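All chains should be built: construct the whole structure from the sequences, respecting the hints.
Those protein sequence lines, which keep their order, are chains G and S. In case it helps, numbering that gives the first Met the number 0 puts the first sequence at residues 0 to 225. In case it helps, numbering that gives the first Met the number 0 puts the second sequence at residues 0 to 304.
Keep in mind that the hints were calculated from the coordinates and are not lab data. Keep in mind that this is a model prediction, so the values were computed, not measured. Warning: the hint list may mix true and false statements.
[As the list claims (entries may be wrong)] Dumping the calculated BS3-like pairs for lysine-lysine here, alpha-carbon to alpha-carbon at most 27 Å: (1) G/Lys193 to G/Lys54; (2) S/Lys6 to G/Lys2; (3) G/Lys2 to S/Lys243; (4) S/Lys173 to G/Lys2.
[Said to hold, decoys possible] Partial pick of chain S residues on the chain G-facing surface, computed with a CB cut under 8 Å: (5) Leu3; (6) Leu79; (7) Ile225; (8) Leu235; (9) Ile236; (10) Ile237; (11) Pro239; (12) Tyr301.
Where is the CB? At the ideal position from N, CA and C, for every residue including glycine.
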Amino acid sequence: MSKISLYIFLIIVYLGMSRTFSPQFQAQFYIKNESSYAQIFKEQPMSLILMDSFKTGFIIKSYFQKYLKVYAFGPSEEIIVKASKEFWKNNFRNRGMSLFRRSDANNNNIGTTALPPGIVFMNNPSFGSWRGMPSDDYEWYFHRAYRNFPKVLGWGKYQMTRSLYLEALKFEKKGEPYYGPHREFGEHGVITEKSFPKSNLDQRIKVDFWEHLKKVLQIKGTSTNE
Amino acid sequence: MNELLDKLLIRVLLAFFICLGIYLYKYAHLILYPGTKNQMFKKFYPMKNSADTIFLFGRILGIGMIFSQFYFFMSDGVFLALFDFILASTISLILYLGSLYIVDSIVLYSFEYHDEVIKRENLSYSIICFAHAIGLAHLMKTSVTVARDNVNHVPIYLIFLWLFTMVIIGFATKTYPLISKFQFNKLLVQKSISLSLSYSGFFLGICLIITSSINHQVIDIKEYVIHTCLQILLSLIILPIFRKGLILVFSFQESMATNEIDEVKEIENPTIGHGIYEGILFLTCCYLTSVITGQLYFGTFYPRF
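Next comes the structure, spelled out in structure tokens:
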């Protein structure tokens, strides 16, 4: 029994030491659940858009999420964080969506419901204004200083309307994700697929077994094409 | 033909230099063991004292192993090639003899070379010293390679690596009672070959593990030390798996005793087979462990962000 305890102790010490001294682990953020965002991302106003989700490992998987941090007063930044399995699974379908928003320094003004990206900047006169459309709806336009935002946020040519904004707010109140009137956002959404395509960071280059075997058995100096 | 003859002469000259290094050991032996002045400079009859023969040839083999790690770059001329060789080999030789002295002092603290080898012809003591010589030479050889291949200031890093490995090996030798049931000092007094074989396997095994752990790139000393310690810790985790695995696969029975009294007797007077088994099992497990810890490259299996 004491030998088993000692062995388990050794494994714990090894894992603990590896984690403590590894620069890779030291620099990496960990998202356990929605409440972890506020402790990590302090900037405001900002929107955190999920760009990709992927997992690595052989038996025990590590779960990663790649985010785009869009900060109003600084350059946008891509961040890869480690996530808990449950949180990763819950948000797997939310690619291209804003998973965290902070409108001002007050911690009450944060949102963690999955909404289309950039909602936090809409209806805020500091960033832009609504303009009327022939269809009795209103279209959001950013001011000149923020003219690159539609591109950064992944909207592209898509027009964000007032009705979409109000609908998003309703869903946020209910605590349900909103993927747009025709599911333009989120996994398989037209806008998302265009702006945030899957990066396949976890996919290794697939090597054909027979090609590999040929290479192994090949005598140096001879070509397989001959 | 002239060129071939010239090359042969250079090889002969360098062989003489290596012999000079071994000759210098004779004097170093006097410094390490002051009481052996008469014995070292009179005629040596290997048939008379096999314990001394093993002891001496262990050291010579060790020195040879260290010399095997040096290169002669003749492009810059014979003088510079010899200068580089003499500088590196002198430092390595001094450090090697220092490590032999330290390890012998730690492990065989209550035994004297003069008493055990010259007077008592203790073969067990000689085999243990032989294992020390070979194991430490292997360790020194790796330190030389690591220092030469990774850094510019070879002598300084070589001394650092030597000090570092000495600390590790010092601690590691003290773990022998945890591995074996043999009573080291008591059996060594009884000239037990079984003990020496068991201990030799143990010592060569830990040298293999330490060698595999230190054999990686030195970029930052702090990181290097941490990485080495982690590698050793990893080896401690992997080693029991191989040990248990081998015992299970081949159904090794560690004892023939049927009751506790017989078991105590077996440990007090171990057979050579028991010693060989303990030593070879530990050595094999260490070798297999070093394969797992030192030769497993993950590459891009885990992407780094």
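Next item on the list: Tell me, in ascending order, the numbers of any earlier hints that this structure violates.
Entry: Violated hints (numbers, rising): 2, 5, 6 and 10; every other hint is consistent with the structure.
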